[in-house]
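> Sequence order for the protein chains is A and B. Numbers 1 to 384, taken from full-length UniProt numbering, label the letters of the first sequence in order. Numbers 1 to 256, taken from full-length UniProt numbering, label the letters of the second sequence in order.
Bear in mind the hints are in silico, worked out from the structure with no lab data behind them. Just so it is clear, CB atoms sit at the ideal spot from N, CA and C, and this is done for glycine as well. Treat the hints loosely; a few may be bogus.
Claimed, not checked - Where chain B lies over chain A, by a calculated footprint (3+ residues, C-beta under 8 Å):
#, region
1, 143-155
2, 208-222
3, 231-238
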Amino acid sequence: MSNVVMGYKQSTFPKKLAIVSGIILLAFVILPFMVGSFQLSLMSKLLLFGALAVSLDLVWGFTGILSFAHGVFFTLGGYAVAYYLKLNLSAENNNYGGDIPDFMVWNGLEVLPWFIAPLKYFPVAFLAMIGVPALFAYITGSFIFRSKVSGVYITIITLALSSALTTFFISQQAYTGGTNGITDVSKLSVFGMVIPPVGLYFLILAYTAFVVALAWWLTQSNFGLILRSINENENRISFLGYDVAQYKIFVWTLSAALAGVAGGLFVPLNRFISPVYLAVAFGTQVVIWVAIGGRGTIVGPLAAAMILGQVQNSAERVTQDWNLIVGILLLVVVLFIPNGLMSLVPKKFSLSNLSKPKPMPETVVKPVAPSVSEPQPEPVQRGS
Amino acid sequence: MTVATAESVLSIKDLNVEFSGFKALKGVNLEVYDGEIVTIIGPNGAGKSTLLDAIVSKSPVASGHVYYHGKDITNKLPYEIARMGIGRKFQNPNVYNELTVFDNILLALKGTHGIFSSIMAKLTKAKKGKIYDVLERTGLLDQAFDEVSSLSHGQKQWVEIAMVLAQDPSIVLLDEPTAGMTTEETHATGEIIKSIAKSHSIVVIEHDMEFVKQIAERIVVLHQGAVLAEGSVQEVQSNPKVIEVYLGRETINAAA
Numbered sequence: 001m002s003n004v005v006m007g008y009k010q011s012t013f014p015k016k017l018a019i020v021s022g023i024i025l026l027a028f029v030i031l032p033f034m035v036g037s038f039q040l041s042l043m044s045k046l047l048l049f050g051a052l053a054v055s056l057d058l059v060w061g062f063t064g065i066l067s068f069a070h071g072v073f074f075t076l077g078g079y080a081v082a083y084y085l086k087l088n089l090s091a092e093n094n095n096y097g098g099d100i101p102d103f104m105v106w107n108g109l110e111v112l113p114w115f116i117a118p119l120k121y122f123p124v125a126f127l128a129m130i131g132v133p134a135l136f137a138y139i140t141g142s143f144i145f146r147s148k149v150s151g152v153y154i155t156i157i158t159l160a161l162s163s164a165l166t167t168f169f170i171s172q173q174a175y176t177g178g179t180n181g182i183t184d185v186s187k188l189s190v191f192g193m194v195i196p197p198v199g200l201y202f203l204i205l206a207y208t209a210f211v212v213a214l215a216w217w218l219t220q221s222n223f224g225l226i227l228r229s230i231n232e233n234e235n236r237i238s239f240l241g242y243d244v245a246q247y248k249i250f251v252w253t254l255s256a257a258l259a260g261v262a263g264g265l266f267v268p269l270n271r272f273i274s275p276v277y278l279a280v281a282f283g284t285q286v287v288i289w290v291a292i293g294g295r296g297t298i299v300g301p302l303a304a305a306m307i308l309g310q311v312q313n314s315a316e317r318v319t320q321d322w323n324l325i326v327g328i329l330l331l332v333v334v335l336f337i338p339n340g341l342m343s344l345v346p347k348k349f350s351l352s353n354l355s356k357p358k359p360m361p362e363t364v365v366k367p368v369a370p371s372v373s374e375p376q377p378e379p380v381q382r383g384s
Numbered sequence: 001m002t003v004a005t006a007e008s009v010l011s012i013k014d015l016n017v018e019f020s021g022f023k024a025l026k027g028v029n030l031e032v033y034d035g036e037i038v039t040i041i042g043p044n045g046a047g048k049s050t051l052l053d054a055i056v057s058k059s060p061v062a063s064g065h066v067y068y069h070g071k072d073i074t075n076k077l078p079y080e081i082a083r084m085g086i087g088r089k090f091q092n093p094n095v096y097n098e099l100t101v102f103d104n105i106l107l108a109l110k111g112t113h114g115i116f117s118s119i120m121a122k123l124t125k126a127k128k129g130k131i132y133d134v135l136e137r138t139g140l141l142d143q144a145f146d147e148v149s150s151l152s153h154g155q156k157q158w159v160e161i162a163m164v165l166a167q168d169p170s171i172v173l174l175d176e177p178t179a180g181m182t183t184e185e186t187h188a189t190g191e192i193i194k195s196i197a198k199s200h201s202i203v204v205i206e207h208d209m210e211f212v213k214q215i216a217e218r219i220v221v222l223h224q225g226a227v228l229a230e231g232s233v234q235e236v237q238s239n240p241k242v243i244e245v246y247l248g249r250e251t252i253n254a255a256a
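Chain A on its own, in the form it takes in the complex (with noise of 0.2 Å):
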């Protein structure tokens, strides 16, 4: 049985990938040395576009639901630190005594509400990152998913629980600081010690890495080959005896956890959220992009929200109208690289080639028909 079947192997890393990715993830170790200090910020925040990219290209580039509720995700989990280093800005820097947040005096609370109180703790507010996401797409998917929505449908319900909860949360003023959301917050310190940019810029780093990597690990296993299957013809994988419901429930509760964090550690470095992230246009962004960058590659979303970020902070010096050049930016791609960039990437380069070595042909005769039995091909007259 020696055949190429039973040499292969399914999930590997490669010297020249393991080298490739070095080499990038070298590079971003070594550019807060090389940059002035607001393009670290601005890659710090490009680094979180796009872990919240990869995030969305395991819901939809490798398991076809197309989502716009990704910004919301991405804030829930940003208003949880939010609230956070809102509640521990130190006295001097609250006009109010530092107990309850200024918005809410303004806005006629006098005691801090029950269930944001206990964010004032890190534990509290680390596990509310991750979990308030988490639930919220747990239990929107389980909805969605276990019912008979699909494709389209699937899409607009996103679209509709963005919308829904932008104008729950600028209509909640008093909780939430409306439409201006939390402003003036403290920077995220640990141990009494303020986190320098650098500091933030490398605990972004190190989050992006671990997305990208976990998202490849994931999407290596069979449990992406399930996803892509779900992608392809869901029916069929369902009649093999797998529950599609819940690998979309699982994928999509994951992936607003994984966004939830990159918005968590936006907060420290924006040191505002507000619903105009919850918004339509925000989700569009990111679901421009996966599209840009190429479904189902990874890397491709993370440079496309990277790449498009600079380009919009070149443009934006240039003209008003920056949303112009992306717009048309992104008609090209649609209209002319339908995969996205990656797939402008030779394949012997591309990442799924160099972590899935096809095994080499043996020349072996192709037997014409399956060798069951000897098959005798008789003269036989075929009906219908």
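Chain A is fixed; fit chain B onto it per the hints.
Just chain B now, kept in the frame of chain A:
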């Protein structure tokens, strides 16, 4: 095969299926015994595929019951039915074109289908051995790492048969396994099916009477959603009702 003493694997009682008012199946009764091949024939629209769909819960059953090893599986979820050991091959090759033949078989392999086991799953020697085995049985060894989209129609049919084999079900439902195959491929498929029958019960839908004669043990004729006749090839061919339904049809003429 002595039907009377064998155990009933699949038992269909008074099965009715409706599509917005149209009665696709009207009170179908059918027993499938351990290790036998049941061939279902019938004109287009007779309800053959619908019957298989109802068994695996692809189409909802309006009334009646499907029992599998005595257990009522009517309208259970498709994945639950699949896990119990009912394998289905669809009429048009229902395979993953963007995946390799190997990955298609790997997906179908019998085993736990849970999320965490799929993440942690290792491609063991035993699994590779099983895949090798079904690829060998279906003559696909040399195409193992080709994308399915690059295969011929007949080969895609074999991929799906190989997937059903990898599931290792106790009953195999095959919907026109030879559709679009050449004469040689059809014959070879018949031999595969016979070899499957050694360890599985099989329900197969076929149009091609030559092929039916090659494999058939018991034939069930469906017509307008009901069982018209049942018996051996000879019995069915000489049944006046069957002759009437098929009158002027090439299939039965070629077979007669």
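> For each hint, tell me whether it holds in the structure or not.
Right, here's what the structure says about each hint:
1. 143-155: violated (count 0)
2. 208-222: holds (count 3)
3. 231-238: holds (count 6)
When held up to the earlier numbered hints, the structure conflicts with hint 1 and nothing else.
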